[in-house]
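Engineer: Got chain A sorted already, so can you dock chains B and C onto it with the hints?
So the chains spell out like this:
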Amino acid sequence: MKPAAFSYVKPATLGDALGLLSTHTGDAQILAGGQSLVPTLNMRLSAPDLLIDINGLEELSGVKLEGNHIKIGALTRHVEIEKSSVIAEHCPLIALAMPHIAHPAIRNRGTFGGSIALADPAAELPACICALEAKIEVVGKGGERKIAAKDFFKDLYETDLKDGEIVTAVEVPVVKPKTKLAFDELSRRHGDYAMAGLAINAEMDDKKIENINICFFAISATPVLAEGAAHILNNGIVDDVSLKKAMEQLESDLDPLPDLYASRALKMHYAKELLKRNIGNWVS
Amino acid sequence: MAGSNGLSIHDRPNSYIGRSVPRPNLSRLLKGRGFYSDDVKLPRMLHVAFLRSSLAHADIIKLEIGKASAASGVVAVFTGKELSEVCSPWVGVVTHLEGMRSPPQDVLAVDRVRWQGEPVVAVVAQTRALAEDAIELIEVEYKELPLAVNMKTALDADAEVIHKDYENNLCWERNVNVGEVKSAFAEADVVIEEEFQFGRHTGVTLESRSIVADYDPGEEMLTLYQSTQAPHMKQALFAKHLKLEEHKIRIICRDVGGAFGLKAHAYGDEFATAAISKILGRPVKFVADRMESFLADIHARDHVVKGKIGVSKAGKILAIEIDDLTGIGPYSVYPRSSGMEVNQICNLTGGPYKFDNYKARGRVVFLNKPPMCQYRAVGHPIAITVTEGLVEMAASAIGMESIEMRKLNMVADDDYPNKTVSGIPVENLSHQASTDKIMEMVNYGEIRDEQKKLRKEGIYRGVGFAALIEVTNPGPAFYGVGGAPISAQDGCSIKLDAKGNLIVGTSITEQGQGAESVISQVVATAVGITPDKIKVISGDTENTPYGGGTWASRGTGIGGEAAAKAGKVIRDNILDVAGILLQNEPSTLDIQNNQVVNKLDGVERMSVAEIGRVVYYRGDTLPKDFQAEMMAVQHYFPKSFPFAFTNSVHCSHLEVDVNTGFIKLLKHWAVEDCGTVINPQNVEDQVRGGVVQGIGGALYEECIYNDQGQLLNGNLADYLVPMSAELPDIVVGHVESKTFESDLGAKGAGEAGTAGAPAAIMNALNDALIPFDVRLTRQPFTPQKVLEAIGKI
Amino acid sequence: MSKLVQVTTSVNGENVSRGVEPRTNLVDFVRYDLELTGSHVGCEHGVCGACTIRLNGNIVRGCLVLAIQADGGTVETIEGLSESGKISDLQDSFLSRNAGQCGSCTPGMLLTADALLEENKEPTRKEIREYISGNYCRCTGYEAIVDAIETTSKKRQGEG
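As you go down the protein sequences, you meet chains A, B and C in turn. Numbered by my numbering, the letters in the first sequence go through residues 1 to 284 in order. Numbered by my numbering, the letters in the second sequence go through residues 1 to 793 in order. Numbered by my numbering, the letters in the third sequence go through residues 1 to 160 in order.
Just so you know, the hints here were simulated from the structure itself, not pulled from any lab data. Treat the hints with caution; some may be incorrect.
[To be verified] Mimicking BS3-like on lysine-lysine, the simulated pairs with C-alpha atoms at most 25 Å apart in a straight line are:
hint, chain 1, residue 1, chain 2, residue 2
1, B, Lys792, A, Lys276
2, C, Lys121, B, Lys67
3, B, Lys453, B, Lys738
4, A, Lys10, C, Lys3
5, B, Lys354, B, Lys738
6, A, Lys276, B, Lys456
7, B, Lys664, C, Lys126
8, B, Lys499, B, Lys533
9, A, Lys162, A, Lys180
10, B, Lys354, A, Lys244
11, C, Lys3, A, Lys83
12, A, Lys244, B, Lys456
[What the hints assert, rightly or not] Incomplete in silico selection of chain B near chain C, CB under 10 Å:
hint, residue
13, Arg290
14, Met291
15, Val687
16, Pro728
17, Ile730
18, Gly733
By construction, the Cβ of each residue, glycine as well, lies at the ideal position given by its N, Cα and C atoms.
Next up, chain A with everything else stripped away, as it sits in the complex (with noise of 0.2 Å):
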């Protein structure tokens, strides 16, 4: 189908964007990589009467090293990030998350900010910045807000994003010495999205576990951090009974919704799964 009609503006700055933003509320939309939103615009799924395009503000573009976080600019392409020696080097959860997105394609265009701001329940960089405890900055008329990862994603394609307000990066903490890390999912065609998928940064001490975060996505319609399921494996040895523990534990943590290919049954069993297969080699 094509779009419904709609007017196009190109702010040269942030102010400009969220003066739009906030003169528009309600019909204007945010087009950045554009790989989610057009679709539903092909589709007629959305019909806003405005594109604010904010592909010309370069300065929310970029990966920096600022002291003890890298700063990931909203703007940055997946692809940017995908081939970044400072992501390499500093966030590599993240590193190890960016071929699942999708094709090269749409990475090319899609951008961080993009994702987060999206929050498809089957999306990678959500859980991957809940487990890294990362911040995301918002930007509004009202100015600059941080929010913990943890708390911006609300519920299905919802986001605490006040009306007027746009992700303008995210600071996600650099890895520190003696990290575990996982990411997996499972997907029936390479790049789909999955039908559940796990991101998983912990501290490892002398084989004790400390401050593991587990994020699941593709399971809720949120990200959904198994605090239960960690709280288990915190301050402890990974071995066979505390893994079955932390695996039974995530009938309380979670509660998946199913979709079209899943029942609610399968994808616990995926998380269970994928708990097993990734934190497994852990064991000591």
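Structural biologist: What follows is chains B and C alone, placed relative to chain A:
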């Protein structure tokens, strides 16, 4: 059927038969210079888009098009009632499927909609986008009606009957009864019963259905640029329903971006487009977009089959019985009917095997779902999955290797002509040679040893086979006898120009399988002209002979033979002139590599180009009583056998991850016997492409409906088609059993890959899961089904 | 109809400037406004890859980029890549290996293969399959395409 001088095309020197030469028309496609129907741009051309029903069964109680008509860029808006005045309704019934019924179908829905996606209103505007904008302004109100969306209950006493003139939803029933199945089952040592299910799929041609209708009021001529497979059939249908003479309709199909049977049917939206062009006297374009393709293209393969096999403990098949149920749309599709899948299933079940007792019942029921009709391998994947599933289960039950059981029951290679158990004549097949060949190709012993070893490590691999017969080269018995205006014959015209080039017109069509290449190679061989000097024209009813087109794997066998015949005539005619000019008997001369040569020593005597020059410009130098004819037309259709059956054997090797339910295809082998192979690389790639479509059905493809008849996965992210990363390399072997119905001896090869792959995969899957004592028989085999079967969830 | 926007861009080395509706996507712009019909449309939701085009040097889905977003940039289509001879060895391999049947996916496959070989000079078959996994082909079953890309990469490395 040898040509002049008793020589066969197979005796021609410098033959292109059996050579993997590159396809002449691929070059331009690689440069992005294809010419598809959507590439057509005509002066004052308009675009049409359709309001489609959002409900599966409802009365239209309000339809206000005023606002839409007044919208920006809109030229006209038409409802079903208005278009019905210009385009008459049709009935998709073929009389040789006795008892089949279907009510008349209007071009667009009138008063009632009967499937989600049925076109209701046509909006014509300057651009497609403007037409879609106007569609949003149409005010339509429906009153929902009870539905029939489940084929298993559609014939129940309390089922909603879709067509009030009928007493139930039955479209057609066929029964076959051979021998005495009851007593055969009673005698059998082992009887296996199973139910098999197949997902409703759709073709997903990458180029969606496209048509540009250009009615010229000056010439009173309708030209249709259409992505289709059967231009002459379309010409006949448009003529009939738009009340035009056939010669006042021209169908042009140049490049077609995939068809697979989908584009051989009549669609209301395409007829509406033509009717609108006739009304407005301007070109109108319709391109189905992907979303509407899922709702409006024909679907296929929605069947549930109960199968039963009785065998002796020595492994002899004593009887097979099937009960096949299929749910089509609310109308049988025009003009080929929606009974063909059932017809093929009844005809082909048990195909490769010799046994005496066979019973089949096939029932076709109307549903409030999109219409269903022929799609690649029509009915075969179902017949073969049922047969080969039952064979492997029976073999397992009696402790016999399934390949050994097949060999025991296969019709022997020297036992021809023969008949299928359903009574259809078969000319010659090579089940034994093909089976031997596949066993040479597959490292079966190693696979079995490795399987045992890996099972101990919790890795589950399986291997499965499928043997099959496949219908190709159908004669008039397929459609013509049933009243459908579908030609079973094809023709080829060859014109020599003044420079020794050949301009060839063929009535078969090209959709990427290499039809033009086949014609070029056959003509090059038959005449002795090199392919670079041959131009093939297809897909134009004004510039090609009258014929059937390309579908049912008939292009090479039928169109190719017409080309071989025409080639012989032209060669003879050229040598008649050469004989005169060279003062030699034509029988002592030949044409090789564009030169007239001495047959005996190959010495070049004169160029064919020179012959062209003399004939066209210097006729005064030829005898007064001689007339050169440098254009030949020949036609052909097979007369002895109703179809040219081919045979294949497939083998699938796969691994099941019993923790995720994912199936990894490790490798696939297929041995194909399609008679004479014109271009081995093309045939092998046809088999590969076919196998992958079969993989689609086995593992991925299914139109998922809710109980309101609404399609839940009508887009390419949710309807899963096979993509490259999950597919194995596919090894193809050949055996050649030529048909003696033609000199070329070629049968068809386009569909057997799709026919056999799902059965081989199902058998390999069940083989892998033997330790779990489960049987999966409902396609597609999704991870959900695998894990449920083995009790993981 | 909304106000037109002016798109000024270089397409296959030629500067073009057209007024289009903002909602016009890049592949429709190229096909209808510029009449370069070599890039194809298969789904309009970014999944099939038939519309693959190069924008500012990178392959993108032509159906997911607005024409106006090409303003000030460069666009390369199959026609341009073909005429420049840049992919002639890929095209030759595809031709001799019959790696195209109906031709619908072919331009998108060639652009994707071209991008792959820029990034990875000697991809394994698995890597080739993964890279082209976002390009739908219904005809070939993909194997011939994988063969042709592999052959081209080997030839470029002097091994073929």
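Engineer: Going straight from one Cα to the other, do A:Lys10 and C:Lys3 come out at no more than 25 Å?
Structural biologist: holds (14 Å)
Engineer: Given the hinted pair B:Lys792 and A:Lys276, is their alpha-carbon gap at most 25 Å?
Structural biologist: The hint holds at about 15 Å.
Engineer: If you take the shortest Cβ to Cβ gap from B:Gly733 to chain C, is it below 10 Å?
Structural biologist: This hint is violated: B:Gly733 lies away from chain C, its Cβ roughly 15 Å from the closest one there, beyond 10 Å.
Engineer: Min Cβ distance, B:Met291 to chain C: is it shorter than 10 Å?
Structural biologist: holds (8 Å)
Engineer: Given the proposed pairing of B:Lys664 with C:Lys126, does the C-alpha separation stay at or below 25 Å?
Structural biologist: holds (14 Å)
Engineer: Would you mind confirming whether the straight-line C-alpha gap from B:Lys453 to B:Lys738 stays at or under 25 Å?
Structural biologist: violated (43 Å)
Engineer: Sort out whether B:Lys456 lies within 25 Å of A:Lys276, counting only the CA atoms.
Structural biologist: holds (20 Å)
Engineer: Are B:Lys354 and A:Lys244 close enough, with their CA atoms no more than 25 Å apart?
Structural biologist: Answer violated: B:Lys354 to A:Lys244 is near 56 Å, above 25 Å.
Engineer: Does B:Ile730 pass the interface check with chain C, least Cβ-Cβ distance below 10 Å?
Structural biologist: holds (6 Å)
Engineer: Can you confirm whether the C-alpha distance between A:Lys162 and A:Lys180 stays at or below 25 Å?
Structural biologist: violated (35 Å)
Engineer: Take the C-alpha atoms of C:Lys3 and A:Lys83, compute the straight-line distance between them, and say whether it is at most 25 Å.
Structural biologist: violated (39 Å)
Engineer: Does the alpha-carbon distance linking A:Lys244 and B:Lys456 stay inside the 25 Å limit?
Structural biologist: Status holds; Cα separation ~23 Å.
Comparing the model with each earlier hint shows violations of hints 2, 3, 9, 10, 11, 18; every other hint is respected.
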